[in-house]
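Colleague: Based on the provided sequences and hints, a complete structural model is requested.
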Amino acid sequence: MWASYKKRLTRDLDRWRQNGWVSEEGRAAILADVEASGREFSLPSALGILASVLFGFAAISFVAAHWEEMPRFARLLLLLATIWIGYGVAGWLAARGHRAFADAAILFSAAMFGASIMLISQMYNISGDPADGVLMWWIGALFAGVLLRSNPVLALSLVLVCVWSGMQTLESNEVHWPFLIGWAAVSAAFIWQRWHAGLHLSALALSLFVVSLGYLLDNGHQHALVAILGLVAAGAAIAAEKAAPEHEHVAAPILAYAVAVAFAGLYALQFFENPSLGTLVALAALTLILLLAAISYALATGNRGVLWLGYIGFSLEILSVYWKTVGSILNTSLFFLVAALLVAGLAYMALRLAQRGQGGEAAA
Amino acid sequence: MSSAPRYFLPLLIIVALVQSAALFKMVYDKDRLLNTGHEITMPVKPLDPRDLFRGDYVTLGYDVSTLNKSNTPEGRIAELRAGSAAFVTLRPKADGGWTVKDVAPAFPSQVAAGDVVLKGRVGNAWAQADGSEKTVSVRYGIESYFVPEGTGRALENQVRDHKIEAIVAVGSDGTAALKGLVIDGERHVDPPLL
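Line by line, the protein sequences give chains D and P.
Just so you know, the working numbering puts 166 at position 166 of the first sequence, and the rest follows in order with no gaps.
Just so you know, the working numbering puts 48 at position 48 of the second sequence, and the rest follows in order with no gaps.
Treat the hints with care, since some could be wrong.
Covered stretches of chain D, going by a simulated chain P footprint (3 or more residues, C-beta under 8 Å) [to be verified]:
id, segment
1, 73-81
2, 85-94
3, 109-119
4, 139-146
5, 166-178
Cβ pair distances, simulated, as ranges [stated by the list, open to error]:
id, chain 1, residue 1, chain 2, residue 2, range
6, P, 82, D, 246, 47 to 55 Å
7, D, 228, P, 82, 25 to 33 Å
8, D, 122, P, 10, 51 to 59 Å
9, P, 111, D, 47, 29 to 37 Å
10, P, 10, D, 47, 22 to 30 Å
11, D, 178, P, 9, 28 to 36 Å
12, P, 61, D, 273, 37 to 45 Å
13, D, 32, P, 9, 25 to 33 Å
14, D, 178, P, 14, 24 to 32 Å
15, P, 96, D, 220, 30 to 38 Å
16, P, 113, D, 58, 49 to 57 Å
It is worth saying that the hints were derived from the structure and are not from the lab.
Glycine included, every Cβ here is placed at the ideal spot set by N, Cα and C.
Modeller: Following this line, the structure appears as structure tokens:
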């Protein structure tokens with residue numbers, strides 16, 4: 001995405017330069033600024049991360065292969081050595097200005113820290129709480145990520161928080177509320193780092209947690225709560241967008257996650273809960289109206305995430321209603337008639353919006 | 001983010017030290033428990049040999065892994081919920097085994113001489129269809145015994161027609177750690193680390 005933006009901007013700048021709208025210095029300054037800022041992701045750093053993952057696998061299989069020949073104390077020293085080597089290489093790389101590669105080396109060490117926890121558990125036949133090991137791991141990764149300001153390690157930490165919570169949830173079959181503590185800690189680190197991709201990870205993790213509430217609370221019958229939480233969050237995001245348009249870049253993605261959560265709740269209410277036909281029809285109508293509203297809002301505000309979610313949700317909803325009502329009182333042709341009317345309505349709305357957009361441009 | 005933070009090298013050393021210390025503490029705690037914990041041996045329940053070796057660890061079952069009214073007449077099983085802690089008081093039997101004296105959600109206030117308290121965690125709790133008898137499964141963290149890669153098959157043959165007991169070290173707070181196995185009276189224990 002970044003490369004394409006740069007390419008387009010270069011092309012536009014060339015044209016603007018020819019038209020005399022920007023000076024040659026201005027053009028060079030703009031390109032230099034684009035080059036310097038916002039480079040969140042590049043091929044070398046991606047390859048560096050991949051290499052660190054491969055180094056990690058190599059180290060683990062080496063340790064595992066020589067595990068039995070080694071005295072136990074030597075095993076511990078070897079594990080500690082892999083961690084220190086990773087941090088040592090990170091220091092060496094950072095001193096030479098290869099910050100992205102240093103991040104990869106730090107990630108390697110954080111992974112080795114987790115591998116050490118597991119191998120030590122195995123050494124002592126610890127089977128009790130694998131989740132406790134993951135808890136120790138994510139805290140260690142968060143510590144490293146914050147002190148060394150390393151985004152990849154913070155991302156690892158958030159993934160581990162999810163794994164930790166998932167294990168606890170599977171074991172007890174109850175909501176694992178401490179997830180929120182881990183989530184908030186890592187998310188705060190993301191905000192402090194101003195790392196947008198990380199905040200997307202945070203939002204995704206929280207959305208999954210909220211959706212899981214529907215399946216865990218009240219013996220798995222709290223999907224209404226999920227739908228309401230999603231709708232409230234969506235309403236808040238829209239209100240925030242209206243009240244503070246300068247924060248649109250924050251509110252717009254939140255709206256997308258909220259729409260996804262609300263749809264997940266409504267979907268479960270309709271298709272996993274076996275409601276009566278009347279309730280199903282009412283819920284389906286509500287869901288379709290909300291999805292259409294989301295789509296039209298997305299078209300009006302240029303929110304591509306919500307737009308795609310709306311389209312996907314709409315298709316999923318229609319297909320699922322069809323599946324559920326096939327052969328029942330609501331017969332198939334009637335169903336398609338209703339669906340066709342809805343889609344026709346959507347098309348009309350989209351046309352109106354497009355015309356309004358054109359009218360606005362013509363006026364301006 | 002384009003340049004390394006200030007004091008990057010000292011911070012790296014701090015992170016490496018803290019993580020190493022955390023791992024060292026993990027080892028130290030376990031080693032101490034194995035060395036100083038009260039040592040008991042418990043018979044391992046005969047298990048289906050097909051299920052016994054998953055990968056390279058042995059899954060061990062104990063008499064105290066499932067508790068109900070018939071094996072724990074005095075226990076407060078009704079107070080135990082899935083996921084909560086369970087403290088099981090064991091009383092030695094004349095023939096060397098153990099009987100379950102009590103099970104409670106908290107560490108018992110009084111422990112008779114010779115009794116051992118094990119701390120576990122309730123996995124499942126279920127009741128009979130008529131709701132009369134509640135059964136709980138409890139895990140103590142001593143259910144897996146890791147064996148060297150490739151030796152599982154040999155041990156499996158041993159297990160089939162031999163008597164196996166687990167050597168368990170129990171800390172003063174009831175935490176249990178698996179120290180080793182006794183196979184036909186022969187002790188198999190890893191040497192301590194520190």
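Colleague: For the segment 166-178 of chain D, do three or more residues have a beta carbon lying closer than 8 Å to a beta carbon of chain P?
Modeller: holds (count 4)
Colleague: Has the hinted range 22 to 30 Å been met by the Cβ atoms of residue 10(P) and residue 47(D)?
Modeller: For residue 10(P) and residue 47(D) the Cβ distance comes to about 29 Å; the hint holds.
Colleague: Closer than 8 Å Cβ to Cβ for three or more residues is the test here. Does the segment 139-146 of chain D pass it with chain P?
Modeller: Per the Cβ count (3), the hint holds.
Colleague: Do residue 82(P) and residue 246(D) keep their Cβ atoms within the hinted range of 47 to 55 Å?
Modeller: Distance hint for residue 82(P), residue 246(D) holds at roughly 49 Å.
Colleague: For residue 113(P) and residue 58(D), compare the CB-CB distance with the range 49 to 57 Å and indicate the outcome.
Modeller: Taking Cβ atoms as reference, residue 113(P) and residue 58(D) lie about 54 Å apart, which means the hint holds.
Colleague: Has the segment 109-119 of chain D got at least three residues whose CB is nearer than 8 Å to a CB belonging to chain P?
Modeller: holds (count 4)
Colleague: Just tell me: holds or violated, for the beta carbon distance of residue 96(P) and residue 220(D) against 30 to 38 Å?
Modeller: This hint is violated: roughly 46 Å between Cβ atoms.
Colleague: Measuring from beta carbon to beta carbon, are residue 228(D) and residue 82(P) in 25 to 33 Å?
Modeller: At 28 Å between Cβs, range holds.
Colleague: Can you let me know if the beta-carbon spacing of residue 111(P) and residue 47(D) is within 29 to 37 Å?
Modeller: At roughly 60 Å between Cβ atoms, residue 47(D) and residue 111(P) fall outside 29 to 37 Å, so the hint is violated.
Colleague: Go ahead and decide if the range 51 to 59 Å is satisfied by the Cβ distance of residue 122(D) to residue 10(P).
Modeller: violated (33 Å)
Colleague: Can you tell me whether the CB distance of residue 178(D) to residue 9(P) sits inside 28 to 36 Å?
Modeller: With a Cβ separation near 34 Å, residue 178(D) and residue 9(P) satisfy 28 to 36 Å, so the hint holds.
Colleague: Within the segment 73-81 of chain D, is the number of residues with a Cβ closer than 8 Å to a Cβ of chain P three or more?
Modeller: Answer holds; 4 residues pass the 8 Å Cβ test.
Violation of the numbered hints given earlier is confined to hints 8, 9, 15; the remaining hints are satisfied by the structure.
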